[in-house]
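A.B. asks: So the protein lines, in turn, are chains A and B.
Okay, so the first sequence: first residue is 1 according to my numbering, each after it adds one.
Okay, so the second sequence: first residue is 1001 according to my numbering, each after it adds one.
If you are wondering where the hints come from, they were derived from the structure by calculation, not from laboratory data.
Given the structure is predicted, the values throughout are model-derived calculations rather than measurements.
Among the hints, erroneous ones may be present.
Unchecked claim - Derived CB-CB ranges, DEER-like:
{"hint": "1", "chain 1": "A", "residue 1": "R37", "chain 2": "B", "residue 2": "K1182", "range": "30 to 36 Å"}
{"hint": "2", "chain 1": "B", "residue 1": "V1391", "chain 2": "A", "residue 2": "L107", "range": "17 to 23 Å"}
{"hint": "3", "chain 1": "A", "residue 1": "R37", "chain 2": "B", "residue 2": "K1374", "range": "34 to 40 Å"}
{"hint": "4", "chain 1": "A", "residue 1": "R88", "chain 2": "B", "residue 2": "V1391", "range": "44 to 50 Å"}
{"hint": "5", "chain 1": "A", "residue 1": "K5", "chain 2": "B", "residue 2": "E1073", "range": "37 to 43 Å"}
{"hint": "6", "chain 1": "B", "residue 1": "E1405", "chain 2": "A", "residue 2": "T31", "range": "34 to 40 Å"}
{"hint": "7", "chain 1": "A", "residue 1": "R88", "chain 2": "B", "residue 2": "A1128", "range": "33 to 39 Å"}
{"hint": "8", "chain 1": "B", "residue 1": "D1095", "chain 2": "A", "residue 2": "H86", "range": "21 to 27 Å"}
{"hint": "9", "chain 1": "A", "residue 1": "R88", "chain 2": "B", "residue 2": "K1237", "range": "44 to 50 Å"}
C-beta atoms are modelled at their ideal positions from N, C-alpha and C, and glycine is treated no differently.
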Amino acid sequence: MSETKILNCIVCPMGCEMTATIEGGTVTNVTGNTCPRGAKYAQEEITAPKRMLTSTVRITGGLLPLLPVVSKNPLPKDKVLACAEHLRTITVEAPIAEGATICENILGLGVDIVASRAMDVHAE
Amino acid sequence: MQNTLYDVIIIGGGPAGLSAAYSAYENGAKKILIIERDRELGGILQQCIHNGFGLHHFKEELTGPGYAYRCAELIKGKEEIEVLIDTMVLLITRDKTVTAVSPEHGLLKLKGKTIILTMGCRERTRGAIRIPGERPAGVFTAGAAQRMVNMEGYLPGHKIVILGSGDIGLIMARRMSLEGCKVQAVLEICPFSNGLTRNIVQCLHDYDIPLHLSHTITKIHGRDRITGITAAQVDDKMQPIPGTEFDIECDTLLLSVGLIPENELSQGLGLEMHPLTNGPIVDQRRHTTLDGIFAAGNVVHVHDLVDFVSEEAEIAGKFAAFHAQATHPPMLRRVNVKTGDGIRTCVPQRLSLPPAGEDSKLFMRVGKPERKVKLEVKSGDTVIMSKMLPVAKPSEMIAINIPAEKTATFGGEITVSINREV
Chain A
1 MSETKILNCI VCPMGCEMTA TIEGGTVTNV TGNTCPRGAK YAQEEITAPK
51 RMLTSTVRIT GGLLPLLPVV SKNPLPKDKV LACAEHLRTI TVEAPIAEGA
101 TICENILGLG VDIVASRAMD VHAE
Chain B
1001 MQNTLYDVII IGGGPAGLSA AYSAYENGAK KILIIERDRE LGGILQQCIH
1051 NGFGLHHFKE ELTGPGYAYR CAELIKGKEE IEVLIDTMVL LITRDKTVTA
1101 VSPEHGLLKL KGKTIILTMG CRERTRGAIR IPGERPAGVF TAGAAQRMVN
1151 MEGYLPGHKI VILGSGDIGL IMARRMSLEG CKVQAVLEIC PFSNGLTRNI
1201 VQCLHDYDIP LHLSHTITKI HGRDRITGIT AAQVDDKMQP IPGTEFDIEC
1251 DTLLLSVGLI PENELSQGLG LEMHPLTNGP IVDQRRHTTL DGIFAAGNVV
1301 HVHDLVDFVS EEAEIAGKFA AFHAQATHPP MLRRVNVKTG DGIRTCVPQR
1351 LSLPPAGEDS KLFMRVGKPE RKVKLEVKSG DTVIMSKMLP VAKPSEMIAI
1401 NIPAEKTATF GGEITVSINR EV
């Protein structure tokens, strides 16, 4: 018995509407995607959904009180809120370079959180 | 500075301004000035900390600040490009004199051979949509809240209702959820969302936030601080249907109810404006109706992708640079671009074609969602270009490129329209 599931790709802003055929818990066919990343997304979304996380951490000594950060790779979807909560406890100090690691291996999930911009020291 | 005659003066240092500056530099402009009113370059991207930017332009997925950083890196250290931050442009006159003011330099009068307008857009506010009710604190535009949460370091509230399902509203629904707030609902007056589908999925579905389509707010409650709203369903004329009202408790209301190109300076110049895009009328080079004044990005029409803003700004930068160096071929033919059935807006609104023609990319929005239709560019009854569209949504801009050799074949006017009989 196979079932089909319609899902919207979130990999890029095109947002392709895809139909995935599922047999016994595994995805056997994907249609409607424009690129291979869509098929991969459908596969993952049905078996182990993942999401990128973008948030902020506190920073002292910079132009702004916050530094935007991004996960280097997608995190398991059900761990995203816990990771965001964890990031609220972190404070770093300027200067920070773009791409600098802010939180290594967040919550033991094997993904680093990095700065999405540079922030220099700012004289008050 | 004030004694310099600039090749290109760029008003606004967001993605459009930065891309225009780099393109002007690449195309031979020697004296380029970017004027930015904020304390740093990058524009609105600095508060858009989510990812999804840059897939077309930089071929990698970036956050807003990451995209801004790459744009800024391109112009860094170039002695041809000067930057004035913390500087507000007050007036531009037809002789291409820019009057600006800054704490550091005081009042400035700057002169350019060409000017590129890249001021971007701003949000519509509560006043623009006239929501009845009290006037309590706690009603913000989604972008203002985004700046607070992502750059300034404070939360506007804890229990949130969002009116409007444009991308900023959707992104903020997720952002507030990540910061531990409860997003009660998103209300959308249209029967469809105006945001990208991927944002409905990853910002609303992921956090179990209900989206009420064909709904609006009929009353705001609370004397000092907002305590809740009354929502109601609307009919096909967008009027609230009596008897469908229900209340939602909240301490914060975020409005994501549309963006307006910021064109006070353009209007001051007397540029011809388009009533639907709310931006200046431009040709394929992003030349406005005034000689030497160019415009690009959200000031011309609101884009859904910054990548297309950069692309448009590069066109403006290139032709402004050519114009300043006066090496561009003479304009011979003016072709108007008309919008036909199904198409709400199209930029450019006209073409200025040299004899051999010129690559002209058209950016359009449909008036309502469509499925399996054909986009056609016609000259009279002749179809010059066409493109099959599996889906077309008002929220997603459609682009079609007319190659130079084809633009050499028509004159007068062309029409872009949707053909549903395919």
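A.B. asks: If a hint holds in the structure, say so; if it doesn't, say that too.
C.D. replies: Hints, one by one, checked against the model:
At about 33 Å, the beta-carbon gap between R37 (chain A) and K1182 (chain B) stays in the expected band of 30 to 36 Å. Restraint check, V1391 (chain B) to L107 (chain A): a C-beta distance of roughly 38 Å breaks the suggested window 17 to 23 Å. In this structure the hint that R37 (chain A) and K1374 (chain B) lie 34 to 40 Å apart at CB is violated, the actual value being about 27 Å. The hinted window of 44 to 50 Å between R88 (chain A) and V1391 (chain B) is violated, with their beta carbons roughly 39 Å apart.
For the hinted restraint 37 to 43 Å between K5 (chain A) and E1073 (chain B), the CB-CB distance of approximately 42 Å keeps it satisfied. Checked against the given bound of 34 to 40 Å, the beta carbons of E1405 (chain B) and T31 (chain A), roughly 36 Å apart, stay inside it. At roughly 34 Å, the beta carbons of R88 (chain A) and A1128 (chain B) sit within the given window of 33 to 39 Å. In this structure the hint that D1095 (chain B) and H86 (chain A) lie 21 to 27 Å apart at CB is violated, the actual value being about 57 Å.
For R88 (chain A) and K1237 (chain B), the hinted distance range of 44 to 50 Å is satisfied, since their beta carbons lie about 45 Å from each other.
The structure fails hints 2, 3, 4, 8 (numbered hints given earlier, in ascending order).
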